[in-house]
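Starting from the known structure of chain A, arrange chains B, C and D on it as the hints suggest.
Chains as they are written, first to last, in my numbering: chain A, 8 to 165; chain B, 98 to 258; chain C, 74 to 392; chain D, 55 to 431.
Note that these hints are calculated values from the structure, not bench results.
Beta carbons are placed, not taken as given, at the ideal position from N, Cα and C, and that holds for glycine.
You may find that some hints are simply not true.
As the list claims (entries may be wrong) - With a cut-off of at most 20 Å between alpha-carbon atoms, the simulated EDC-like pairs for lysine to aspartate or glutamate come out as follows: (1) Lys128(B) to Asp251(D); (2) Lys14(A) to Asp57(A); (3) Lys91(A) to Glu361(D); (4) Lys274(D) to Glu37(A); (5) Lys128(B) to Asp247(D); (6) Lys353(D) to Glu136(B); (7) Lys128(B) to Glu170(B); (8) Lys111(B) to Glu263(D); (9) Lys83(A) to Asp293(D); (10) Lys150(D) to Glu37(A); (11) Lys336(D) to Glu245(D).
Stated by the list, open to error - Residues from chain B that face chain A, not an exhaustive set, calculated with beta carbons under 10 Å: (12) Gly165; (13) Asp174; (14) Val178; (15) Glu179.
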Amino acid sequence: MSEINEKVKGRLIEQFPGVEVSETEFGQVEVKAPKEIIADLARFVREELDFDYLTMVAGVDYIEYLQLVYHIRSLKDYAELIIKVDVDSENAVVASVAPIWTGANWHEREAMDMFGIQFEGHPDPRPILLPEDWQGGHPLRKDFIDKRPKRERQFRTR
Amino acid sequence: MLGGVLGNVYNATKSLIKGHLVTLKELRTPKITVHYPDERLELPLGSRGMPALKVNQDTGLLNCTACGVCARECPVDAIEVEAVVGEKGRKKRYPAIYNLDMTHCMQCNLCVEACPFDALEMSDAFEISRYDLDDLIFDKEQLAEIWKTHKAVRITGGEKL
Amino acid sequence: MPEWVMAIIKILIVLAFIGLNGMFLIWAERKVAGFIQARIGPARVGRPQGFFQLFADAIKMFSKEDVRPAAADKWVWWFAPVVFFTPVAMAFLVLPFGPNVIGLDMNIGLIYLAAVASFALLGVFMAGWGSNNKYSLLGAMRAGAQMISYEIPLILATIGVIMITGTLSTQGIVEYQVAHGWNIKTQFLAFVVFFIAMLAELNRTPFDLVIAESELTSGFFTEYSGIRWGMFMFAEYTNIFVMSALAVTLFFGGWASPFGLVGSVLIFLIKTYAIVFLIIWIRWSVPRVRIDQLMTLGWKFLLPLSLFNIVFTGLILLI
Amino acid sequence: MSEIEARRLKAEEVGHEKLILNLGPQHPSTHGVLRVITTLEGERITEAEPDIGFLHRNFEKIVEGWTWSQVIPLTDRNDYLANINNEHAYVLAVEKLAGIEVPERAEYIRVIMSELNRIASHLLTFGTFAMDMGAFTPFLYGFRERELLYDIFEKVTGARMMHNYVRLSGVRNDLPDGWDKEVLEFLDRLENDVIPDYYDLLIKNPIFEARSLGVGVLTKEDAIAYGAAGPILRGSGIDWDLRRDMPYSIYDRFDFEVITREEGDHYARFMVRMDEMIESAKIIRQAFEQMPEGPVMGKVPRVLKPEGDIYSAVEGPRGEIGVYLVGDGNFKPYRVKWRAPSFSNLSILPLMAKGQFVADIVLTIGTLDPIFGEVDR
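Chain A extracted, bound-state conformation (with noise of 0.2 Å):
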């Protein structure tokens, strides 16, 4: 397993020289990659690695800036791919990768309304877990304001 990972970051650094490339404890290759090459990176890593499988697109709020997690498999080398991506909070703009990776679409549209981070290129950018018509902001951000009432604090002591 650990020679298909070798194999990946070699191809890796080797096409991308700006990308950190690591090895997580759990055996993954990891990827922190700056948001503009994220589009170049999908398509290289989709196409020449064969990593075709994307299970899931999350998005974390480090407060100073936001993180896009990528998690990819490979079928066919049964190895793992995790690509993290920096993206400003308050310009959150980023390529879409739904174009390269169809089930994607749904993933961003979740990132989309629990983050507010818009996504260039997607092809249905609408809230879905949310209403249509929500105003509320993003809910995941650690910044949200939770309006419903407060229930007192459980524990007294007289």
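Showing chains B, C and D alone in chain A's frame:
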């Protein structure tokens, strides 16, 4: 071609009849319906209904010392505890208020696992529907009553039932 | 007794029978369904077998609010259950329950039945169109396609029987069978076609596309409630009885029995309810077909088969 | 201008008389609260668009305020038909992240419970698929078997559905005496009586075959591109099962087959599920044979403050249940992302529904088997 069609018809008829025989057989097998309020199923040991407060058999008092670990551990904040510390005549802390809000409780057993004093147990009381939502907030007397009238066990980690 | 008094008494008897029979069949269907499905079915009202469930249901239906959708076509919507119900009741006129126990022994009894039966489609279509609901409309469209294409094999299948017995009168057909034995012996193919077409005509599984609760919620009577819904229900179950009685008359010797008048009526009812049970049993055992498969079965399979049966019967008669 | 109105105008522009039919959110066939906006031409569907989110409660946000172990009961509620599998997925991720050891016996119990839960879930899917087809009786037979299985679950976990049984570093309690016999009895009955009955009643039925063979074909390429998971992937001929291909827990110790079918139609997906039940039974039997004695709970560190991030996945009944965790060295998770298999599977619906009959979209939803606790989270 006609032979093929006839064969298909034959096969289809045969499998249709087989399917009907299955349903016919089921006409006579015993039913699994339980007429619930009239008959009841025997609940297995450890079946989780709602939590109940354990009463000490010797003293007749609650085991609870109002430490509040259950309230902290509860994911949905269903437990409300008000502790009384150092009152005259009693050495131990005890709960002045111990309310369990069954409108929030999801019967997950986490409070029982967290309790360090063997004061909470999971009872098999599941018939807790009430006409009024406020009646679903159980106070400590009611919880003790449930412990007395129902089967209750405490499972914390790893042991056999 | 003047004739009109007799007529009124007969009508009252038929209506009472429709009511009781409908309630009984609904109860029977639920009970059989329950037993087939490893459960018990109605058991609470009138223990232990829940026999009074049917009265409870009838009372409930009568006392429920009659909700009309705001956008429905008022009069069409209003009359649809009546139009659906009336022909079913009219069919009782020519059903032979026993020797002389018949509303009117017409010499064109079968043609009358066929004419009356196709009238029910109008009620279905009115209900579907008048409700102003897309599910209802789809159901009604399906009903149109289905009922028209299955009426043809249904009627063609009876022609074989007519050729043998040489009469269109229902009483005459039974009398022929008293003399010569059941028609099913010579007309088995016709019975198969008749039975399949009958299931489709009654909108029963596997041909219940008109109602199709998993796709169209309830088809043409999605928007009905209370007693109007009850009328559809009663008409449907009465229709099952009528069709089963017709099948018994045509193929299973009708009331033919050696036990006198009461015995004949009982034998007839027993045979009819046996067919009804068969229909219920089939409903709870098979899935539903799709609309194009339904059409294929009707036009490419049943129609040629019934035509073949007519030719075959004719040849046999000639020889 | 409302959404429906806009669609109607669009249809008029095209020049055909089209019917827009709104399936759901309250509809008998949608397995929960799915709304599908379909555009019909006669009975043919030209366009279908799922509208989801009715059950959205933001699981991922809720758990950010909870401690690592408090999350476990809530994972039950994601895919409420595969509770143990969900718990297993979450617990496995946390254990990997925090480096917690699990005793051998607990691993076996987890596998047994997961596979039993897979059987329970597939039994229900069998039933609902039959019901979508209009056959009501198999639905109740499937339910009956599942209820009997839930009785077995209740004896161990104390609950029928929301078990909250898997714990960090083990399982909550050991198996009661004689429980294994009950399970084996159930499996024998399942294999010898129940599944043959299902075959006779439904699967060999000519109407069933006519409705499902060659209908709703999903090609290999589409299945991969959409990230389809579980039986849907394997029904399209892709030989992929996390239990065998990327073994987690102790799945590499069992000998079982990964069921695949080449056709990619409703029938193939349905049969993959039917055969998987038998494979699960095989795994359970082997697990009972190999299971050692010993404790079922290991040591959990008193202070659980893992740091870093991890993606870990298990194979649930509906496919890959993935959990992406970020811990920032606090007693609460910083971020939990739930990769729900139904979410990816349901996104194929517009593709598959195009050109189908109205009656078939119902079957398509049934065979994709989305669970809305999981799709909407």
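Consistency of the hints with the structure:
{"no.": "1", "hint": "Lys128(B) to Asp251(D)", "result": "17 Å, holds"}
{"no.": "2", "hint": "Lys14(A) to Asp57(A)", "result": "12 Å, holds"}
{"no.": "3", "hint": "Lys91(A) to Glu361(D)", "result": "17 Å, holds"}
{"no.": "4", "hint": "Lys274(D) to Glu37(A)", "result": "27 Å, violated"}
{"no.": "5", "hint": "Lys128(B) to Asp247(D)", "result": "16 Å, holds"}
{"no.": "6", "hint": "Lys353(D) to Glu136(B)", "result": "44 Å, violated"}
{"no.": "7", "hint": "Lys128(B) to Glu170(B)", "result": "43 Å, violated"}
{"no.": "8", "hint": "Lys111(B) to Glu263(D)", "result": "14 Å, holds"}
{"no.": "9", "hint": "Lys83(A) to Asp293(D)", "result": "10 Å, holds"}
{"no.": "10", "hint": "Lys150(D) to Glu37(A)", "result": "17 Å, holds"}
{"no.": "11", "hint": "Lys336(D) to Glu245(D)", "result": "10 Å, holds"}
{"no.": "12", "hint": "Gly165", "result": "4 Å, holds"}
{"no.": "13", "hint": "Asp174", "result": "5 Å, holds"}
{"no.": "14", "hint": "Val178", "result": "5 Å, holds"}
{"no.": "15", "hint": "Glu179", "result": "5 Å, holds"}
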